[in-house]
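Chemist: Protein sequence lines correspond, in order, to chains A and B.
According to the numbering used here, the residues represented by the first sequence are 1 to 388, in order.
According to the numbering used here, the residues represented by the second sequence are 389 to 575, in order.
No wet-lab data here; the hints were simulated from the structure.
Values in this document were obtained by computation on a predicted structure and should not be read as measured data.
Virtual Cβ for every residue (Gly too), placed ideally from N, Cα, C.
Certain hints may be false.
Derived DMTMM-like pairs: lysine to aspartate or glutamate, alpha-carbon spacing no greater than 25 Å straight-line [claimed, not checked]:
no. : chain 1 : residue 1 : chain 2 : residue 2
1   : B       : LYS418    : A       : ASP212
2   : A       : LYS311    : B       : GLU422
3   : B       : LYS545    : A       : GLU37
4   : B       : LYS545    : A       : GLU181
5   : A       : LYS311    : A       : GLU243
6   : A       : LYS311    : B       : GLU448
Over the 12 Å line for every Cβ pair with chain B, so calculated as not near, a few chain A residues [stated by the list, open to error]:
no. : residue
7   : PHE5
8   : THR33
9   : TYR49
10  : HIS61
11  : GLY176
12  : GLY187
13  : ARG199
14  : THR241
15  : ARG267
16  : PRO277
17  : SER293
18  : ARG304
19  : LYS311
20  : PRO360
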Amino acid sequence: MRRLFDTGNAAITEAAILAGLGFYSGYPITPATEIAENMSRRLPPAGGYYLQAEDETAAFHMAIGASLGGLRAMTSTSGPGFVLYADPYGWAIGSEIPVVVVNAQRVGPVSGITGAPGQGEFYLSRYPTHGGNFETIVLAPEGVREAFSMTIEAFRLAERFRTPVTILADQLVTDGWEAFEVPEGPGEAEALGLPIPARRAHPGPEFYPPTDEIDVPPVVLGRGTGGACSDWTPTEEGYDTEEVEAQMRHAFRLVYKIRNNRGLIDRSELLLMEDDPGLVLVSYGSPSRVARSAAREARARGLRVGAISLKSLWPFQDRLFPRHRTHLVVELNRDGQLVREVQRASGGRVHFLGRCGELPTVAELLEALGDVAAGQAPRAMPGARESW
Amino acid sequence: MAWRREILLSGFGGQGVVLAGRSLGLAAVKADLEATMLVSHGTETRGGYVRSQVVISDREIDSPVAERPDIFLALSQAAYDRFRHLAAEGLTLFDGGLVRPSPGHQGREMDLPARAVALERLGTDLAANMVALGQVARVLGVVPLDAVRTAVAELSKRGRDKNLAALALGQALDLGGALSAGEGRGA
Numbered sequence: 001m002r003r004l005f006d007t008g009n010a011a012i013t014e015a016a017i018l019a020g021l022g023f024y025s026g027y028p029i030t031p032a033t034e035i036a037e038n039m040s041r042r043l044p045p046a047g048g049y050y051l052q053a054e055d056e057t058a059a060f061h062m063a064i065g066a067s068l069g070g071l072r073a074m075t076s077t078s079g080p081g082f083v084l085y086a087d088p089y090g091w092a093i094g095s096e097i098p099v100v101v102v103n104a105q106r107v108g109p110v111s112g113i114t115g116a117p118g119q120g121e122f123y124l125s126r127y128p129t130h131g132g133n134f135e136t137i138v139l140a141p142e143g144v145r146e147a148f149s150m151t152i153e154a155f156r157l158a159e160r161f162r163t164p165v166t167i168l169a170d171q172l173v174t175d176g177w178e179a180f181e182v183p184e185g186p187g188e189a190e191a192l193g194l195p196i197p198a199r200r201a202h203p204g205p206e207f208y209p210p211t212d213e214i215d216v217p218p219v220v221l222g223r224g225t226g227g228a229c230s231d232w233t234p235t236e237e238g239y240d241t242e243e244v245e246a247q248m249r250h251a252f253r254l255v256y257k258i259r260n261n262r263g264l265i266d267r268s269e270l271l272l273m274e275d276d277p278g279l280v281l282v283s284y285g286s287p288s289r290v291a292r293s294a295a296r297e298a299r300a301r302g303l304r305v306g307a308i309s310l311k312s313l314w315p316f317q318d319r320l321f322p323r324h325r326t327h328l329v330v331e332l333n334r335d336g337q338l339v340r341e342v343q344r345a346s347g348g349r350v351h352f353l354g355r356c357g358e359l360p361t362v363a364e365l366l367e368a369l370g371d372v373a374a375g376q377a378p379r380a381m382p383g384a385r386e387s388w
Numbered sequence: 389m390a391w392r393r394e395i396l397l398s399g400f401g402g403q404g405v406v407l408a409g410r411s412l413g414l415a416a417v418k419a420d421l422e423a424t425m426l427v428s429h430g431t432e433t434r435g436g437y438v439r440s441q442v443v444i445s446d447r448e449i450d451s452p453v454a455e456r457p458d459i460f461l462a463l464s465q466a467a468y469d470r471f472r473h474l475a476a477e478g479l480t481l482f483d484g485g486l487v488r489p490s491p492g493h494q495g496r497e498m499d500l501p502a503r504a505v506a507l508e509r510l511g512t513d514l515a516a517n518m519v520a521l522g523q524v525a526r527v528l529g530v531v532p533l534d535a536v537r538t539a540v541a542e543l544s545k546r547g548r549d550k551n552l553a554a555l556a557l558g559q560a561l562d563l564g565g566a567l568s569a570g571e572g573r574g575a
């Protein structure tokens, strides 16, 4: 095992290669450019293909093609490129093609601020394409070490569920530096709880079963299985159909293979929640690290605070949230996105602290916790006169 | 007792602030410690700052933010003016050739003549960052100096010998600063 001090972009690259990545395509964008740069150097010697695409839409389509050819495939971008993924993302969902997608969130809207962290694609990652009739799987690492393990996990989930998996990182995760360990091979990775199963191919002929079962092997074309794939509603054999009954079976599968197995996806971390605290800090990504420090510090000062660090965002894990408790949601945006889901899931009072471009400090979170404990909205949110 | 140290290194672009931070982080990792680093830049085209926030601990690091740095290194006036107030409880090292300290700040501060030392002893100010790193590592005390040397040697693409010489010069400077055993906070 090697111990490195490097960035999240480097960790994602190393993890993907360890996971058996066969094809990477992307288009450079801050703060995810170094994934492409590292891949261009590291992937070909490891036996994989690197391709710089003409744009993000093409990049994702190429990854789809590689995945249909039986390779583990990946693409990476930031918010302005993630919106361009909309068309191929739908393809990959509808035709159940495993692809790992990285979105290193920066500050928006539009091009926003390039080299600073944001969290603006919480909902976009849930609805990354048109048409409805699907669930998505979205993971959220809080740092470099977790970006490494989560990338390996993403490939496993993408194949188990036959769907694209988005790693929704932020700039502090991809550009931030941290110590992390790289196992020497799949054997060592498995011993560390990061199994890397062999890529499989569906033998046919019923490639698209109308059930919620997972671990159905992916469809691979051109390997003598007679696999079929198109962007229309498929029959179970993969032929185009316009039958409403077929669409119902297909949509059932796309939604419920994920919804009914959501427990297999979650790795969220609960801190200081054992004594059912009345006040809970909720966050994902890099703010989770500050939130944990703040929760510990608040406890040391006699305030009964717990913390929920979400590691998977979609499907949303409602069961994590204690009913009718007060929550303070911390996000790297000013509008509040996660806060809406927490309100729905908890049914309690939910307050919001938004920052953009940099992390809140522990001191700021402590002040906000004090405000919320006293029954008022965080003073650090100018204009937010009421609870969420 | 778990410990945590926050180091805030700052200057302007091109001074090697980030390389100094990487070297410190890598050295900590080589010494089996935990380390994080956040790098950020001001958005100004001129007169901006580069900031490297390094956290080192003997256990897993939660917040990677150096919000109350134990050591604050300022290699430019803009960085000093912007971040000096954070170091009220820590030690500020400023390069007096580049920074005019302003009165009224809380906390200890000392002139670390990194650029002058590099120019006089090595004939280049390019290695001033390594002089500064040497002093930071000395004052910090929790990362073994030989690990810092190994890290600098590994990360120096060019000018490895000069960087190592500069590091040694910085480590040898006795400015009288040290974090006492009680300084730095629990993790």
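Chemist: Run every hint past the structure and note whether it holds.
Modeler: For each hint, the structure was consulted:
1. At most 25 Å may separate the alpha-carbon atoms for a hinted pair to count; LYS418/B and ASP212/A exceed this at roughly 47 Å.
2. Distance restraint check for LYS311/A and GLU422/B: the Cα-Cα separation of roughly 21 Å lies within the 25 Å cut-off, and the hinted pair is therefore satisfied.
3. Restraint check for LYS545/B and GLU37/A: the C-alpha separation of about 18 Å stays at or below 25 Å, so the hint holds.
4. A C-alpha spacing of about 24 Å is found between LYS545/B and GLU181/A, which places the hinted pair at or below 25 Å, so the restraint holds.
5. Note on LYS311/A and GLU243/A: the hinted pairing is violated, with a Cα-Cα distance of about 38 Å set against a maximum of 25 Å.
6. Of the supplied pair hints, the one linking LYS311/A and GLU448/B holds, its CA atoms being roughly 17 Å apart against a limit of 25 Å.
7. With a least beta-carbon separation of about 4 Å from chain B, PHE5/A fails to lie farther than 12 Å from that chain, contradicting its non-interface assignment.
8. Remark: the non-interface label on THR33/A is consistent with the geometry, its nearest Cβ contact in chain B lying 14 Å away (cut-off 12 Å).
9. Residue-level check passed: TYR49/A sits 29 Å from the nearest beta carbon of chain B, beyond 12 Å.
10. At the 12 Å boundary, the C-beta of HIS61/A stays outside the reach of chain B, the nearest C-beta of that chain being 33 Å off.
11. A Cβ of chain B approaches the Cβ of GLY176/A within 12 Å, the least distance being about 5 Å, so the stated non-interface status is violated.
12. With a closest Cβ-Cβ approach of about 24 Å to chain B, GLY187/A is found to remain outside the 12 Å limit, as its non-interface label requires.
13. ARG199/A, annotated as away from the interface, keeps every beta carbon of chain B farther than 12 Å; the closest lies near 33 Å.
14. The Cβ of THR241/A lies farther than 12 Å from every Cβ of chain B, with a closest approach of about 52 Å, so its non-interface assignment holds.
15. Residue placement check: ARG267/A keeps its beta carbon more than 12 Å from all beta carbons of chain B (closest about 16 Å).
16. PRO277/A, annotated as away from the interface, keeps every beta carbon of chain B farther than 12 Å; the closest lies near 18 Å.
17. With a least beta-carbon separation of about 4 Å from chain B, SER293/A fails to lie farther than 12 Å from that chain, contradicting its non-interface assignment.
18. Annotated as non-interface, ARG304/A keeps its C-beta farther than 12 Å from every C-beta of chain B; the closest such distance is 19 Å.
19. At roughly 15 Å from the closest C-beta of chain B, the C-beta of LYS311/A stays outside 12 Å, upholding its exclusion from the interface.
20. A cut-off of 12 Å between C-beta atoms contradicts the statement that PRO360/A is not in contact with chain B; the least separation is 9 Å.
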